[in-house]
Amino acid sequence: MSESLAVARPVPAEPVPAEQGRITALDPRRKLQLALGAIWLLDGILQYQPSMFTRAFPRMLSDSARGNPAGVAAPITWSAGFISHHLAVTNAVFATIQVALGLGIAWRPTVRLALAASVAWSLGVWWLGEGLGGVLAGTASLADGAPGTVILYAVLAVLLWPADRDADPPFVAARAVGRGVARGLWLVAWGSMAVVAVLPAARAALGGAISDMAAGEPAWLAWTDSRLGALLGQHGLPASIALAAALALTAAGVFLPSRRAQAAAVVLALLAAAVLWLAQGLGGIFTGMATDPDSGPLLALLALSFWPRAAAPANPANTAAPAATGSLP
Amino acid sequence: MTHMNSPGWLSGIFAALMLTVAAYCAGRLVTARLWRRPTELDTDSAHIIMGVAMAGMLVSGLRTLPADLWAGVFGAGAAWFAGQALRGQALRGQALRGQALRGRARRGAVTSPWRCLHATPHLVECAAMVYMFLLPGPFGSPVGSRFSFLSLLLALFLLGHVVVQGDRLTAPVPAPASVPAAAPVPAAAPVPAAAPVPAAAPVPAAAPVPASAPAAAGGCAPAGFGRPRLAPRCAVLCKIAMGITMGYMLVLML
Chain A
1 MSESLAVARP
11 VPAEPVPAEQ
21 GRITALDPRR
31 KLQLALGAIW
41 LLDGILQYQP
51 SMFTRAFPRM
61 LSDSARGNPA
71 GVAAPITWSA
81 GFISHHLAVT
91 NAVFATIQVA
101 LGLGIAWRPT
111 VRLALAASVA
121 WSLGVWWLGE
131 GLGGVLAGTA
141 SLADGAPGTV
151 ILYAVLAVLL
161 WPADRDADPP
171 FVAARAVGRG
181 VARGLWLVAW
191 GSMAVVAVLP
201 AARAALGGAI
211 SDMAAGEPAW
221 LAWTDSRLGA
231 LLGQHGLPAS
241 IALAAALALT
251 AAGVFLPSRR
261 AQAAAVVLAL
271 LAAAVLWLAQ
281 GLGGIFTGMA
291 TDPDSGPLLA
301 LLALSFWPRA
311 AAPANPANTA
321 APAATGSLP
Chain B
1 MTHMNSPGWL
11 SGIFAALMLT
21 VAAYCAGRLV
31 TARLWRRPTE
41 LDTDSAHIIM
51 GVAMAGMLVS
61 GLRTLPADLW
71 AGVFGAGAAW
81 FAGQALRGQA
91 LRGQALRGQA
101 LRGRARRGAV
111 TSPWRCLHAT
121 PHLVECAAMV
131 YMFLLPGPFG
141 SPVGSRFSFL
151 SLLLALFLLG
161 HVVVQGDRLT
171 APVPAPASVP
181 AAAPVPAAAP
191 VPAAAPVPAA
201 APVPAAAPVP
211 ASAPAAAGGC
221 APAGFGRPRL
231 APRCAVLCKI
241 AMGITMGYML
251 VLML
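Going line by line, the protein sequences match chains A and B.
Residues 1 to 329 in the numbering used here are what the first sequence spells out, letter by letter.
Residues 1 to 254 in the numbering used here are what the second sequence spells out, letter by letter.
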């Protein structure tokens, strides 16, 4: 068999055991979906850490209720108490769900189911695990991923949904929901962070929050966070204004008509994501208490999904290839 | 290297999973020999050894060899896969120059269906094992934290590899080129110039694939010798299980 290049009759392009032939090249959206799946997988593995099986985990959840309205705080307190009483089982279930979400996104037949489930899971965790990002409590801080790290998973799941609503999408995120909705979500995501950056409480506490990230971190990261926190503590107002301006520029950037200007906005978004992730102590991932890598990687993923596409080739023979390779079950 | 500080039942589950993978891969090697079905000898062998070693790391009662000895074994494994990766790189370079369908590259050792063509993930797995065995002190200790960034990088690579493998389990094969069902073309024959095919033209799903074609399942060479590869999806599932467990162990070392 391997000694021939015999051509059989045409067969529909349906999933078959991949070892029988070459697989299609991954299209950009599928790559981003897989990156999202990998982050979910990492989240699940982080949830399996030994510290998550201790009382520290429900205590961390119940802390997010503080300052929230009673209607928001009560379910958080109840769920934290429930988890505290069934710690090993609930935490193992949480971890396994997140691993399943990651694998579900990776496995093509379940990609829709996994993305839909990830939206529901994200919304639930945003409320019961993050206290709605501290938005209503007035404690929202970019150092903690405000207005909510986990809500970014839901946004990405919507933007990377395997549908093609826009016939000629200018960027990957527009394929599923259309360019208008995609740009609206981008505006909300980055615009809300710009607002959080200049909130009085967050402005005052940003330097301290970043310095606090140093505890339990490796020396090089602790040093970086300590210095950055001290710097922001001394120049809190100008730094907050500069950060807010950069985030606002990023938010508005995808509405600019020029492709180059949009690309510049995406690059700015990637830079902002990197700086924020560093300020977040890489999500506290080295402390043994992180449940996720925080908002930095997700913001970078969001930015990449808005990278402006090159103009479609005029040659019709070439235009068929992306459609074939981009199809998902 | 000491016993990992994680819930005992969780470590037990992962250890059982690893032993299952090891036993399954041992069964694959035996079955492949009996049925003369191609399988990746190097990958399956590595998974047997890794499964046993990782089970011993997860559950102290399952330890078999000293850490230094294990490190030496996986160092040798890493060297093997590094060699395979370099050869694969050279082969791909030849393929890019249009030499893939003729000459020795087509029948060379690297393209053997009994070996993995994309060896880099296995190289990283072996390197991660060496790293875990050579790290001094208990996992999660201050000594270990100096290298935590390396743990994170290794874990991220392996988890990324897991999702790519998951994707390839059901990756659609490109639509076939509308080439008439003609007589088989001899292996060494060049593609006829009279039948130009667009550059993006895919390979038919049901068509036999040359042994030098890039692999799909597991990123490894397709089956050869006229026989289909032995349970390729199960092989991919083993890689996924191995990647998740190793990712878990590396995260414990952050």
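Hints are computed from structural coordinates only; laboratory data are not their basis.
Quick reminder that beta carbons are idealized off the backbone N, C-alpha and C, glycines included.
Among the hints, a few may not be true.
[To be verified] Not close to chain A: a few residues of chain B, all C-beta gaps over 12 angstroms, as computed:
#, residue
1, Arg33
2, Leu34
3, Trp35
4, Leu41
5, Ser45
6, Tyr131
7, Ala155
8, Leu169
[What the hints assert, rightly or not] Label-pair distances were calculated between CB atoms; the ranges are:
#, chain 1, residue 1, chain 2, residue 2, range
9, A, Pro75, B, Thr20, 35 to 45 angstroms
10, B, Pro66, A, Ala264, 50 to 60 angstroms
11, A, Val275, B, Ala95, 35 to 45 angstroms
12, A, Ala310, B, Gly12, 43 to 53 angstroms
13, B, Asp68, A, Ala274, 33 to 43 angstroms
14, B, Thr31, A, Val275, 50 to 60 angstroms
15, A, Met60, B, Arg36, 31 to 41 angstroms
16, B, Arg36, A, Lys31, 35 to 45 angstroms
17, A, Leu113, B, Val30, 33 to 43 angstroms
Quiz item: Is the nearest Cβ of chain A still more than 12 angstroms from the Cβ of Ser45 of chain B?
Solution: It holds; Ser45 of chain B is separated from chain A by about 19 angstroms at its closest Cβ, greater than 12 angstroms.
Practice problem: Grab the minimum beta-carbon distance between Arg33 of chain B and chain A and tell me whether it stays above 12 angstroms. | Solution: The claim stands: Arg33 of chain B keeps its Cβ more than 12 angstroms from every Cβ of chain A (closest is about 19 angstroms).
Self-check item: Least C-beta distance between Leu41 of chain B and chain A, which was stated to exceed 12 angstroms
Solution: holds, 16 angstroms
Practice problem: Note whether the CB distance of Met60 of chain A and Arg36 of chain B lies within 31 to 41 angstroms or breaks it. | Solution: Because 56 angstroms falls outside the window, the suggested range is violated.
Quiz item: Per the hint of 43 to 53 angstroms, is the separation of the Cβ atoms of Ala310 of chain A and Gly12 of chain B within bounds?
Solution: Distance hint for Ala310 of chain A, Gly12 of chain B holds at roughly 52 angstroms.
Quiz item: In terms of Cβ atoms, is chain A entirely out of 12 angstroms range of Leu169 of chain B?
Solution: violated, 6 angstroms
Quiz item: Taking the beta carbons of Asp68 of chain B and Ala274 of chain A, is their distance inside 33 to 43 angstroms?
Solution: holds, 39 angstroms
Quiz item: If you check the beta carbons of Pro66 of chain B and Ala264 of chain A, does the distance land in 50 to 60 angstroms?
Solution: holds, 56 angstroms
Quiz item: Is the nearest Cβ of chain A still more than 12 angstroms from the Cβ of Ala155 of chain B?
Solution: violated, 7 angstroms
Quiz item: Regarding the assertion that Trp35 of chain B does not contact chain A, is the least Cβ-Cβ distance greater than 12 angstroms?
Solution: holds, 16 angstroms
Exercise. Grab the minimum beta-carbon distance between Leu34 of chain B and chain A and tell me whether it stays above 12 angstroms.
Key: The claim holds: Leu34 of chain B sits with its nearest Cβ about 20 angstroms from chain A, beyond 12 angstroms.
Quiz item: Taking the beta carbons of Val275 of chain A and Ala95 of chain B, is their distance inside 35 to 45 angstroms?
Solution: 41 angstroms Cβ-Cβ, so the 35 to 45 angstroms window holds.
In this structure, the hints that do not hold are numbers 7, 8 and 15, in rising order.
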